[in-house]
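Between the sequences and the hints, there should be enough to build the whole structure, so can you do that?
If you read the sequences in order, they're chains A and B.
Start counting the first sequence at 1; every next residue gets the next number (the working numbering).
Start counting the second sequence at 410; every next residue gets the next number (the working numbering).
Wrong hints could be hidden among the right ones.
What the hints assert, rightly or not - Cut-off 20 Å, straight-line C-alpha distance, at most; resulting in silico cross-link-like pairs (EDC-like, lysine to aspartate or glutamate): (1) B:Lys437 with A:Asp9; (2) B:Lys528 with A:Asp9; (3) B:Lys413 with B:Asp423; (4) B:Lys421 with B:Asp433; (5) B:Lys437 with A:Glu160; (6) A:Lys8 with B:Glu613; (7) B:Lys629 with A:Asp225; (8) A:Lys311 with B:Asp433; (9) A:Lys54 with A:Asp67; (10) A:Lys311 with A:Glu216.
These are calculated hints, taken from the structure and not from any lab test.
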Amino acid sequence: MNKARRRKDIMRTSVTWISASLAVLVLTSIFVFVFKRGAGTFSWSMLKDDYWSKNYLVAFGDVAANDFAPPDTDSEDEFFSRKFGFGLADSVDKENNQLMLVTTVSALSPLHEGTITTAGPDQGKVMAIPLNARIRRIDYLDQENNVKSTGLLGQDHSAEGAIERLEQEATAIREIYFQSTGGGIRGSIIATLMLIGLTLLFSLPLGISAAIYLHEVAPRNKVTDWIRAAVEMLAGVPSIIFGLMGVSMLFRVTNLFGITTQSVLLGSFTMTIMLLPLIMRQTEEALIVVPGSLRMASLSLGASTTQTIFKVVLPNALPGILSATLLSMSRIIGESAALIFTMGTAISDSPKISQGATTLAVHIWTVMAGEQPNFELATAISLLILVLVLGLNVTVKLLTYRINKKWQV
Amino acid sequence: MDRKEKKTIQAKLDSFHSRKLWQDKIMKRIFQGSALLAALMIFFISYFVISRGIQPFLSSYGDEQQSLIAFISGNRWRPDIAPPVFGVGFIIINTLLTSLGAAVLSFPISVLTALFIAKIAPPKLRAVLTTIVELLAAIPSIVYGVFAAGTITGLVKDVGDIFGINTYGGNSMFAVIILLAIMIFPTITSLSVVAISAVDRSLELGSIALGASQMETNFKVVLTSAKSGIFAGLALGLGRAFGEATAVSMVAGNRMIGPTWNPFDITRTLTSTILSGMHETSPGLDYDMRFSVGIILLLVILATNFMIQVIKRKVGGVTHE
Numbered sequence: 001m002n003k004a005r006r007r008k009d010i011m012r013t014s015v016t017w018i019s020a021s022l023a024v025l026v027l028t029s030i031f032v033f034v035f036k037r038g039a040g041t042f043s044w045s046m047l048k049d050d051y052w053s054k055n056y057l058v059a060f061g062d063v064a065a066n067d068f069a070p071p072d073t074d075s076e077d078e079f080f081s082r083k084f085g086f087g088l089a090d091s092v093d094k095e096n097n098q099l100m101l102v103t104t105v106s107a108l109s110p111l112h113e114g115t116i117t118t119a120g121p122d123q124g125k126v127m128a129i130p131l132n133a134r135i136r137r138i139d140y141l142d143q144e145n146n147v148k149s150t151g152l153l154g155q156d157h158s159a160e161g162a163i164e165r166l167e168q169e170a171t172a173i174r175e176i177y178f179q180s181t182g183g184g185i186r187g188s189i190i191a192t193l194m195l196i197g198l199t200l201l202f203s204l205p206l207g208i209s210a211a212i213y214l215h216e217v218a219p220r221n222k223v224t225d226w227i228r229a230a231v232e233m234l235a236g237v238p239s240i241i242f243g244l245m246g247v248s249m250l251f252r253v254t255n256l257f258g259i260t261t262q263s264v265l266l267g268s269f270t271m272t273i274m275l276l277p278l279i280m281r282q283t284e285e286a287l288i289v290v291p292g293s294l295r296m297a298s299l300s301l302g303a304s305t306t307q308t309i310f311k312v313v314l315p316n317a318l319p320g321i322l323s324a325t326l327l328s329m330s331r332i333i334g335e336s337a338a339l340i341f342t343m344g345t346a347i348s349d350s351p352k353i354s355q356g357a358t359t360l361a362v363h364i365w366t367v368m369a370g371e372q373p374n375f376e377l378a379t380a381i382s383l384l385i386l387v388l389v390l391g392l393n394v395t396v397k398l399l400t401y402r403i404n405k406k407w408q409v
Numbered sequence: 410m411d412r413k414e415k416k417t418i419q420a421k422l423d424s425f426h427s428r429k430l431w432q433d434k435i436m437k438r439i440f441q442g443s444a445l446l447a448a449l450m451i452f453f454i455s456y457f458v459i460s461r462g463i464q465p466f467l468s469s470y471g472d473e474q475q476s477l478i479a480f481i482s483g484n485r486w487r488p489d490i491a492p493p494v495f496g497v498g499f500i501i502i503n504t505l506l507t508s509l510g511a512a513v514l515s516f517p518i519s520v521l522t523a524l525f526i527a528k529i530a531p532p533k534l535r536a537v538l539t540t541i542v543e544l545l546a547a548i549p550s551i552v553y554g555v556f557a558a559g560t561i562t563g564l565v566k567d568v569g570d571i572f573g574i575n576t577y578g579g580n581s582m583f584a585v586i587i588l589l590a591i592m593i594f595p596t597i598t599s600l601s602v603v604a605i606s607a608v609d610r611s612l613e614l615g616s617i618a619l620g621a622s623q624m625e626t627n628f629k630v631v632l633t634s635a636k637s638g639i640f641a642g643l644a645l646g647l648g649r650a651f652g653e654a655t656a657v658s659m660v661a662g663n664r665m666i667g668p669t670w671n672p673f674d675i676t677r678t679l680t681s682t683i684l685s686g687m688h689e690t691s692p693g694l695d696y697d698m699r700f701s702v703g704i705i706l707l708l709v710i711l712a713t714n715f716m717i718q719v720i721k722r723k724v725g726g727v728t729h730e
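Set out below in structure tokens:
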């Protein structure tokens, strides 16, 4: 080989190395970006909180002042009420509105035993003032038993002022008006789980029996080829078209159930159709690796085709069907375009099957589409989605590896 | 065993068999029905999207009837003015520009990576890279969208600043192209790996026996032989690029007139048009027009697949002769 050819060879080798390292670079930068930006916002309270902050008016039955020791971790910005055993601090929200947040509540503080007086289903229930609650107004009794208020809607507009006034004047607390924190994704997590459950309920039986037909029952003829080709075409349709189909066609089906808006049920119908090619392909691959000798042995022992399919073939194809299920779950978690149409973009804290709600992915879409994109929350949810989806895919990979080992493929 | 006993056993067996046969028939119908339903879905989808999408162009639509020619050739998309103007022509051009741009960027890198995975990488590295490509394919588009809005737009803005171009905070055609290139990379790569691995080993050995080096063989024999599979990958990648909705909408910027020729300017694709302002739309003309755009999207994807088939036949024909 002469020098010029050798130089060309080295160049060619290095181009492929560079291309491959670009792939690694892209995946790494996505990981670094999502983990770095999302980890700060990601917390337990984000997972379990409502998205919308709620207003609460909580009465304390004129509970009298006591003497509480302030907590050890007393910081500069935190002001502690020795009389009632709670701490307040000033803060601002994203829109630069002033907030007064509860930072500590002592163990024996009367704030643990309030009664909700806001009208609604929760009225009369006992409620503790949660940490990070946004205090709007505190009504208290002074020495002459007059009701007075402090807080952002009362006389004082800072935590320091409010606490000072309570310490000097208050003899008892009557009512506290506050807003819960909000900004959580509990509702979207529930909606995602509902969608996964419903979709699998519809799509697994349909997809698996279609796959059984194609692999176990169907004659090898033109019609079967034609069915295969049609399903394959379905796999190439973009998800946004599924969304359009959902609102124009499946909407009529959900109408039969008396649902007249976008709903979780409509979303699950749409996802069912969208996942059919995936489930059919995965199931069929699982059926292919089940050895033909098993079927013949079963049939020769006098079992019918149905018995053979349900008692011999399907149990042996179970790991493959399981990976189809896991992959479907990962697709449902990640889907956004079709669900924006069929489930709507309004975030719901208590999702119902017959009403619109957002999954985690659509939750991201909603908070990013607003006037002021909430980037922190979006990356935190992305982190959750990424971990779930990649976890499911890695599980499927391990599962496939084990099946192949079992049948020595 | 007397005759009577024999008879009852026979009768029991017969009923057992007939029940089994009957059960077989029912189950067979159920399986067949599921498969037919799955196959019919593609026709249902086409029918329902098309029948609603052509409504605005029919005279039965009433006062708001749209002109088909103005729709196809229009260069403005203004649902917000009265009377609204819906022209999809420039959006088609934008979509073709961004998707083809992404393909031009992604195709060489994907094919070279596939060659690396299939032929060059040591076995352990091959397993790692295959997993990486699979993970990239599994990442949902909304996460790509957040990633693009957080990093790619910043990158584009910085580059724009260097040249003194205002980039609308980085939302631009350029950002869409980079995003789509990343998103179609795993599709093209994984199909190319399959195609390259399927190339007959004897072709390779023949080339080496004639004095070509391993790398020359890889580039001149393996890649050309795997051409048809690689083009199938490109077709699938382009299909994904055309149909990608949420991620693109997050960085496209949705320009109202066009087409966009300047890569640093904001753009509007078919999918971002279907999605834009979804939450404030109620059933009506603006809503129905999304279906019309959906038809155009389906047609663009069909036409591209057809073109790629033609190209494949032409390119493939040269090597076989």
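Checklist entry - Holds or violated: lysine 311 of chain A with aspartate 433 of chain B, Cα cutoff 20 Å? => result holds (14 Å)
Checklist entry - Does the alpha-carbon distance linking lysine 528 of chain B and aspartate 9 of chain A stay inside the 20 Å limit? => result holds (14 Å)
Next on the checklist: Hint check: lysine 437 of chain B vs aspartate 9 of chain A, CA-CA at most 20 Å. Holds or violated?
Outcome noted: violated (59 Å)
Checklist entry - Taken at face value, is the distance from the CA of glutamate 160 of chain A to the CA of lysine 437 of chain B at most 20 Å? => result violated (77 Å)
Checklist entry - Is lysine 54 of chain A within 20 Å of aspartate 67 of chain A, Cα to Cα? => result Given that 20 Å is the threshold and the Cα spacing comes to 31 Å, the pair is violated.
Checklist entry - Given the hint that lysine 311 of chain A pairs with glutamate 216 of chain A, does the C-alpha gap stay at or below 20 Å? => result holds (14 Å)
Checklist entry - Taking 20 Å as the top limit, are the C-alpha atoms of lysine 421 of chain B and aspartate 433 of chain B close enough? => result holds (18 Å)
Item to check | Given hint aspartate 225 of chain A paired with lysine 629 of chain B - CA-CA distance at most 20 Å | outcome: violated (36 Å)
Checklist entry - Taking only the CA atoms, is the gap from lysine 8 of chain A to glutamate 613 of chain B under or equal to 20 Å? => result holds (19 Å)
Next on the checklist: Would the hint linking lysine 413 of chain B and aspartate 423 of chain B be met if the CA-CA limit is 20 Å?
Outcome noted: Given that 20 Å is the threshold and the Cα spacing comes to 15 Å, the pair holds.
Hints 1, 5, 7 and 9 from the list above are not met by this structure, while the remaining hints are.
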